[in-house]
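Visitor: What follows is each chain in one-letter form.
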Amino acid sequence: MAKVKGAIVVDFEKCKGCEICVVSCPADVIEMTKEVNAKGYHFAYAAKPDDCTGCANCAIVCPDGVITVYKIKIVVEKIA
Amino acid sequence: MAETSSSNDIVREENLVYAKTKVLTDNVMHYCPGCGHGTTHRLVAEVIEELGIQSDTIGVAPVGCSVLMYNYMDIDMQEAAHGRAPALATAIKRLLPEKYVFTYQGDGDLAAIGTSETIHACNRGENFTIIFINNGIYGMTGGQMAPTTLPNMKTSTSPYGRDVKMMGNPLKMTELVATLPGTCFVTRQSVHSPANVRKARKAIKKAFEYQNLKQGISFVEIVSNCSSGWKMTPLQSNEWMVENMFPFYPLGDIKIPEVQVEQKEGDVLHNSLNQIDKDSKQVKY
Ligand SMILES: Cc1ncc(C[n+]2csc(CCOP(=O)(O)OP(=O)(O)O)c2C)c(N)n1
Ligand code: SF4
Ligand code: SF4
Ligand code: SF4
Ligand SMILES: [Mg+2]
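In order, the protein sequence lines correspond to chains A and B. For the first sequence, the working numbering gives the first residue as 1, with consecutive numbering after it. For the second sequence, the working numbering gives the first residue as 1, with consecutive numbering after it.
Calculated directly from the structure, the hints in this document are not laboratory data. It should be emphasised that the depicted structure is a prediction, and the values quoted were computed from it without experimental measurement. A hint or two may mislead.
Pairs of lysine-lysine, DSSO-like flavour, derived with a Cα cap of 30 Å [to be verified]:
hint, chain 1, residue 1, chain 2, residue 2
1, A, 71, B, 202
2, B, 255, B, 99
3, B, 20, A, 14
4, B, 255, A, 73
Bound-form chain B, shown alone (with noise of 0.2 Å):
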């Protein structure tokens, strides 16, 4: 068989199929070789890039390793204090309600001292969107014990394994939050293969546009590695997070938005959530 191509002939602008979204900055990210963070930066950068909200999106960023998350996305972003970030979310909501915001936060950040602002965010029903990085540990700090970490899980502060008898149970904030009435949309995946960078990729988008419901919060938990914070290699952190991670934290929709539309024509809502109709069958790549 001849080829009558190159690889030469292929690198061309007009077959392109996959680029780094321009919705990300050139610089290069702090994160440890492997993170999620990076991942699941670039698919909410996507997300905005595809949805065509760039300028009209205001990130909030944590505290935790994704707090320069607004070096790295080149939308409006706001940093708040450790676990803040909810509440200064819903300020900035209430008083852009056109806006599309959303928090970006750690499982420390989020389950651990920003607790309180999370709950009281998702009860009484904000219209953002809360992206919570699940990874089981503080990873910025060294590795500490989080409210996230998993039974007899070895972490800098529990050497031996977390001892639930001693150390309580680990939290599962997003089980928590959908029995809420002010979430509508809450959801757990991961970025750590393909089909499910493919489906992480889908709950985002969904989330960003079920803001446009005003039915409240739209909450994705993404369980991702720490492959610094575990000891281990990033390989070796994917296949613990699959075979340890996801049998207590499971994969999937935990509540989708109960959707009552007026079926007005030209409708901004109803247009928006025929699209919404429309994505859900298929996978944009």
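Pulled out of the complex, with its shape left as it was, chain A reads as follows (with noise of 0.2 Å):
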């Protein structure tokens, strides 16, 4: 079974903070770190990477472009 995957790469340095891309997550993938960056801010990460469809709907929406996103199709083996 083919299943899509994908994965996101925040340049952490460089977010500010805005939660636009945690709202704008389909799939809930995103929250707000606890510590900041050098800058103060809180940043974006992935806490749900597994739930990551690769729609780059954050990295449009992100202010800053500070997410890239990739895509893979994978192969689910069902373990009985």
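Take each chain as given, in its own frame, and dock them per the hints.
Guide: Next up, the structure:
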């Protein structure tokens, strides 16, 4: 069975913690860190990376263009 | 279910689906968190990359928060005096008619100090694109009331809300320029959600392509947020914009070109319009 799986990479030192990506993710993948970056902002990270479909919604709404998105089709095997 | 793949296998060049366009520089934008200026810069840059016109595009930056736009766009740009971007773009496009020329202007720039330049460039039917960022406020100078400020909206110079009896009515520049014969494409969009970003990107792309029609100004308003000026968090400002700005500034196309094309094979204009037709059926990302 083929399934689409995505991954995001956040350039976290450039993230300004606006959270617009968080509310734009249909799979609720993204949350904000408790720690802050060098600018003092809490930054976005993939809290549930396994749920990412690589739809790129988060990346296209990010005002600072700090999210990069990757996607693959993977084979999932059922273990009986 | 056992997955035969981990995140490390996914993050590889060959699996890339979205990365920041190279038409944006790597400079960190100075905008406040969540500001629509950043998103709109990126969409303009993506369209320039997609159309392959990076060395054929000249932008004109305004006075306002986006005054430093030329630090972020890896294209030729010129800075205009406050409100004068359409006059400068007129000169550039007339001197270099084969270039793609655009202005990028806030509402204070375009609808207050630059009202005259905007209306006359639109009425003359110059062949460039205007990207108009309407956040209903003077963001850069500390959130003063603009001509676009909504009735009853609080700003630093209308602390009890805009009283239209005393301060006049908000100006809908986009509807106004649509009535002028010198505009060919007039649309209002926003960039606060993935669906709206996709629509705005398509509109900006069309606006650039319509320069080939030589039928006048293509005008794209982006209704945008200003969390600092509105004194809200970025997410609150987007919600407030949806609830308050959109009813007054409704999104959508206001004017689309009457396309008259000579059906000559190999004709650049003809090919470009075929391209537009094709693209309007598919969203790029
Ligand atoms: C001739 C002149 N008058 C006034 C100013 C002060 N000024 C700078 S930016 C600005 C308004 C900017 O508002 P807007 O165009 O809406 O841009 P925003 O910052 O909201 O994106 C004003 C009045 C100036 N720089 N030059
Ligand atoms: S790519 Fe899509 S699913 Fe993955 S984190 Fe971004 S918005 Fe969520
Ligand atoms: S949208 Fe961009 S800047 Fe805002 S929190 Fe998400 S990654 Fe950071
Ligand atoms: S003041 Fe307003 S318009 Fe200017 S960068 Fe901040 S949020 Fe954006
Ligand atoms: Mg403004």
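Visitor: Decide, hint by hint, whether the structure agrees.
Guide: We went through each hint and held it up to the structure:
1. For the hint pairing residue 71 of chain A with residue 202 of chain B, the CA-to-CA distance comes to about 23 Å; that is within 30 Å, so the pair holds.
2. Proposed proximity of residue 255 of chain B and residue 99 of chain B is supported: the alpha carbons are some 24 Å apart, at most 30 Å.
3. Only pairs whose Cα atoms come within 30 Å are accepted, and residue 20 of chain B paired with residue 14 of chain A is accepted, the gap being roughly 13 Å.
4. Between residue 255 of chain B and residue 73 of chain A the CA atoms are separated by roughly 42 Å; this puts the pair beyond 30 Å, and the hint is violated.
The structure does not agree with numbered hint 4 stated previously, though it agrees with all others.
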